[in-house]
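Novice: Listed here are the chains, written in short residue letters.
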Amino acid sequence: MAKPVDLRRFTGFRAITWLCLFVLYAPLVIVAIYSFNDSTSITRWGGFSLKWYVDVFTGPEAPKFRDAAINSFTIAIGAAICATLIATAAAVAMNRAGRFRGKTASLALINLPLMVPEIVTAVASLVFFITIGFKTGLLTIFLAHIVFCIPFAYLPISARMQSVPDMYEQAAMDLYATPWEAFRLVLLPLMVPGILSGFLLAFIISLDDFLITNFVKGAGVETLPTAIFGSVKQGIKPNIMAISTLLLGVSVVFVTLSWIIGRAGQTKR
Amino acid sequence: MADNAAPLTANAVEIDNVVKRYGFVTALHGVSMQIGDGEFFTLLGPSGCGKTTLLRCIAGFEDVSEGAIRLHGQDIAPLPPHKREVNTVFQQYALFPHMTVSQNTSFGLLRLGWSAADAEARAKQVLDLVQLGQFAERRPGQLSGGQQQRVALARALAPRPKVLLLDEPLSALDLKLRQAVRSELKAIQRETGIAFVFVTHDQEEALTMSDRIAVMSAGHVQQIGTPREIYEAPSNRFVADFIGETNLLDVTVSRVADGAAEILLPGGARLSCPAALGARVGQGHLSLRPERLGITISGQGQLQATVEDHVYLGTDTQLHMRLGSGEALVVRLQNGAGAIPERGARLGLEIEAGAARLLSD
Numbered sequence: 001m002a003k004p005v006d007l008r009r010f011t012g013f014r015a016i017t018w019l020c021l022f023v024l025y026a027p028l029v030i031v032a033i034y035s036f037n038d039s040t041s042i043t044r045w046g047g048f049s050l051k052w053y054v055d056v057f058t059g060p061e062a063p064k065f066r067d068a069a070i071n072s073f074t075i076a077i078g079a080a081i082c083a084t085l086i087a088t089a090a091a092v093a094m095n096r097a098g099r100f101r102g103k104t105a106s107l108a109l110i111n112l113p114l115m116v117p118e119i120v121t122a123v124a125s126l127v128f129f130i131t132i133g134f135k136t137g138l139l140t141i142f143l144a145h146i147v148f149c150i151p152f153a154y155l156p157i158s159a160r161m162q163s164v165p166d167m168y169e170q171a172a173m174d175l176y177a178t179p180w181e182a183f184r185l186v187l188l189p190l191m192v193p194g195i196l197s198g199f200l201l202a203f204i205i206s207l208d209d210f211l212i213t214n215f216v217k218g219a220g221v222e223t224l225p226t227a228i229f230g231s232v233k234q235g236i237k238p239n240i241m242a243i244s245t246l247l248l249g250v251s252v253v254f255v256t257l258s259w260i261i262g263r264a265g266q267t268k269r
Numbered sequence: 001m002a003d004n005a006a007p008l009t010a011n012a013v014e015i016d017n018v019v020k021r022y023g024f025v026t027a028l029h030g031v032s033m034q035i036g037d038g039e040f041f042t043l044l045g046p047s048g049c050g051k052t053t054l055l056r057c058i059a060g061f062e063d064v065s066e067g068a069i070r071l072h073g074q075d076i077a078p079l080p081p082h083k084r085e086v087n088t089v090f091q092q093y094a095l096f097p098h099m100t101v102s103q104n105t106s107f108g109l110l111r112l113g114w115s116a117a118d119a120e121a122r123a124k125q126v127l128d129l130v131q132l133g134q135f136a137e138r139r140p141g142q143l144s145g146g147q148q149q150r151v152a153l154a155r156a157l158a159p160r161p162k163v164l165l166l167d168e169p170l171s172a173l174d175l176k177l178r179q180a181v182r183s184e185l186k187a188i189q190r191e192t193g194i195a196f197v198f199v200t201h202d203q204e205e206a207l208t209m210s211d212r213i214a215v216m217s218a219g220h221v222q223q224i225g226t227p228r229e230i231y232e233a234p235s236n237r238f239v240a241d242f243i244g245e246t247n248l249l250d251v252t253v254s255r256v257a258d259g260a261a262e263i264l265l266p267g268g269a270r271l272s273c274p275a276a277l278g279a280r281v282g283q284g285h286l287s288l289r290p291e292r293l294g295i296t297i298s299g300q301g302q303l304q305a306t307v308e309d310h311v312y313l314g315t316d317t318q319l320h321m322r323l324g325s326g327e328a329l330v331v332r333l334q335n336g337a338g339a340i341p342e343r344g345a346r347l348g349l350e351i352e353a354g355a356a357r358l359l360s361d
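Protein chains in written order, with the working numbering: chain L, 1 to 269; chain U, 1 to 361.
Think of the hints as simulated: they come from the structure by calculation, not from any bench. Here the structure is a predicted model, which means the values were calculated and not measured. Be aware that a few hints might be false.
[As the list claims (entries may be wrong)] Partial selection, computed: residues in chain U whose CB lies under 7 Å from chain L:
#, residue
1, Ala59
2, Phe61
3, Ser65
4, Pro81
5, Phe96
6, Thr100
7, Gln103
8, Phe107
9, Gly108
10, Leu112
11, Trp114
12, Ser115
13, Arg190
14, Gly294
Built from N, CA and C at the ideal position, the CB exists for glycine as well.
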């Protein structure tokens with residue numbers, strides 16, 4: 001085999017790498033640092049303090065954030081569970097049902113929400129709910145979240161299912177397992193890493209969503225991202241940075257978990 | 001069901017004119033065979049000959065396009081895999097990685113409705129049979145390839161299937177282990193008395209283990225017979241060529257009658273030899289087994305040939321020779337005290353009894 005090209009030798013590789021990393025992560029780092037600022041200014045450093053974190057939990061806006069957080073987590077868990085169930089069923093159809101009419105079209109439909117501009121989905125969802133006479137509120141957020149979480153749950157689940165050879169189910173059926181038993185006792189346990197990974201990804205996507213939520217939420221119903229946006233409209237206070245940093249932390253933990261579980265499942269066997 | 005009226009038979013499996021088509025490709029062209037109860041039956045052929053397809057049809061992983069597959073007289077072709085009393089040892093074993101050896105082995109029993117205690121006892125029994133009793137609580141991933149192979153065997157034997165199907169189960173093992181497992185497998189087959197249908201492309205495996213062999217090629221059965229019949233009395237060119245080494249010579253056939261033929265060898269000598277069913281007068285193909293040709297220093301013999309090269313193989317030496325008519329020929333000599341003929345030496349060849357056989361095409 002030819003020696004692989006060493007990218008690091010390309011002119012400007014180092015500079016471009018650092019520029020990209022800087023543009024991507026500098027804002028996050030700055031927000032995280034200033035969340036520990038003792039000053040009320042968001043630009044001037046006034047020493048280290050945890051007071052804005054205390055403010056998030058006990059300050060004047062604390063009840064609003066608490067309700068929003070409860071809404072966010074409830075919706076994220078529920079939507080992620082539903083999306084994972086649907087995505088698992090879809091993955092079985094795509095990877096185990098052989099060839100059927102409209103398979104390619106189905107796959108495109110499952111993944112379409114990844115490609116449709118989110119603002120279009122947001123407007124369409126709102127119009128749809130109004131047309132069928134649904135009152136906007138928690139339920140509409142929940143339904144909308146299930147829909148856009150499906151492709152995110154589907155990707156790791158389907159990838160995992162592709163890596164499980166169908167000889168295991170054949171062996172199960174050869175040993176007198178009905179197709180359902182072969183799925184439940186053999187394929188499903190082998191799919192667990194993919195399913196968990198898909199669930200966590202869907203959860204975090206739902207937790208972070210602003211645009212669609214903002215359209216389909218009813219008056220007075222807030223999730224964390226919409227609550228934060230609401231506060232920012234009245235001027236950025238350092239407590240926003242604290243709550244953003246907390247949210248960032250939750251995201252990092254879940255995405256990392258999702259990745260570790262997905263990888264652990266691949267190396268096992 | 002009308003099938004219950006089928007006559008009692010000593011056949012474990014009857015393959016009756018099975019055709020398997022994938023779209024425009026035909027993998028099996030009307031294959032028929034009977035596999036006796038308690039028989040070690042091998043499907044032998046090169047890759048793509050349809051042997052694995054046939055096995056998968058018996059297991060139920062493939063639907064047959066035409067024909068019937070009867071298990072102890074009952075047509076199982078319409079049944080799904082989990083309703084067929086056959087079990088499979090897969091080429092890659094397909095042991096469930098999330099279950100212990102014991103759980104793998106009792107899986108089939110529990111699906112059949114055995115109690116947990118009975119299933120565990122039976123699992124222990126078959127694991128002892130394959131000498132893996134002490135590994136019952138391990139995961140398949142913690143076992144060597146040879147041990148995994150034996151777990152796969154134990155798992156498939158545990159429910160006492162009417163027929164055990166084995167899909168090239170030794171191909172993933174290294175040579176030494178493969179030879180050891182061969183005799184072990186044969187012993188287990190005798191002990192359990194279950195009919196084995198064994199798929200392989202390895203003729204040595206087939207010859208050493210089988211009661212009978214079906215040689216397949218391109219979706220057709222070429223010949224069914226005991227290892228000895230297949231080797232010593234191949235019915236056509238494909239079988240003669242595929243099983244063991246052979247020399248195929250173009251000869252002129254002057255007479256065929258009662259399974260014997262009179263032929264004219266290149267060089268002019270006459271020979272009478274056995275003829276396969278379907279051999280005809282005219283141009284024909286003669287199979288000469290290399291180990292049944294003897295050389296004569298005097299130059300006497302039915303054939304004259306020149307040594308072009310020799311290959312030392314330990315117990316034997318292979319002489320690559322050329323006949324006066326230009327055809328190449330291989331002779332195998334057992335190594336002993338005698339000298340090996342030099343390159344360029346002109347020798348006579350004696351055709352021993354049973355070395356030659358006229359083939360049908």
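Novice: Does each hint fit the structure? Answer for all of them.
Specialist: Status of the hints after comparison with the structure:
1. Given hint, U/Ala59 at the interface with chain L, holds; its Cβ is 6 Å from that chain's nearest Cβ, closer than 7 Å.
2. Interface hint at U/Phe61: satisfied, since its Cβ lies 6 Å from the closest Cβ of chain L, which is below the 7 Å cut-off.
3. With 7 Å as the threshold, the beta carbon of U/Ser65 stays out of range of chain L, its nearest partner Cβ sitting at about 16 Å, so the hint is violated.
4. Taking 7 Å as the C-beta cut-off, the interface hint given for U/Pro81 holds, the closest approach to chain L being about 4 Å.
5. Taking 7 Å as the C-beta contact cut-off toward chain L, the hint placing U/Phe96 at the interface holds, the least distance being around 6 Å.
6. Because the beta carbon of U/Thr100 sits about 13 Å from the nearest beta carbon in chain L, more than 7 Å, this interface hint is broken.
7. At a threshold of 7 Å, the smallest CB-CB gap from U/Gln103 to chain L is about 10 Å, leaving the interface hint violated.
8. The closest approach between the C-beta of U/Phe107 and any C-beta of chain L is roughly 5 Å, which is under the 7 Å cut-off, so the hint is satisfied.
9. A distance limit of 7 Å between C-beta atoms decides the matter here; for U/Gly108 the minimum to chain L is near 3 Å, and the interface restraint holds.
10. Interface restraint check: U/Leu112 against chain L, minimum CB-CB distance 5 Å, threshold 7 Å, status holds.
11. Interface hint status for U/Trp114: violated, as the beta-carbon distance to the closest one in chain L is roughly 10 Å, over 7 Å.
12. Below 7 Å, beta-carbon pairs count as interface contacts, and U/Ser115 has none with chain L, the closest being about 15 Å; its hint is therefore violated.
13. The beta carbon of U/Arg190 is not positioned within 7 Å of any beta carbon in chain L (closest approach about 23 Å), and the interface hint is therefore violated.
14. The beta carbon of U/Gly294 comes no nearer than 50 Å to any beta carbon in chain L, farther than 7 Å, and the hint placing it at the interface is violated.
This entry does not satisfy hints 3, 6, 7, 11, 12, 13, 14, going by the numbered hints stated previously.
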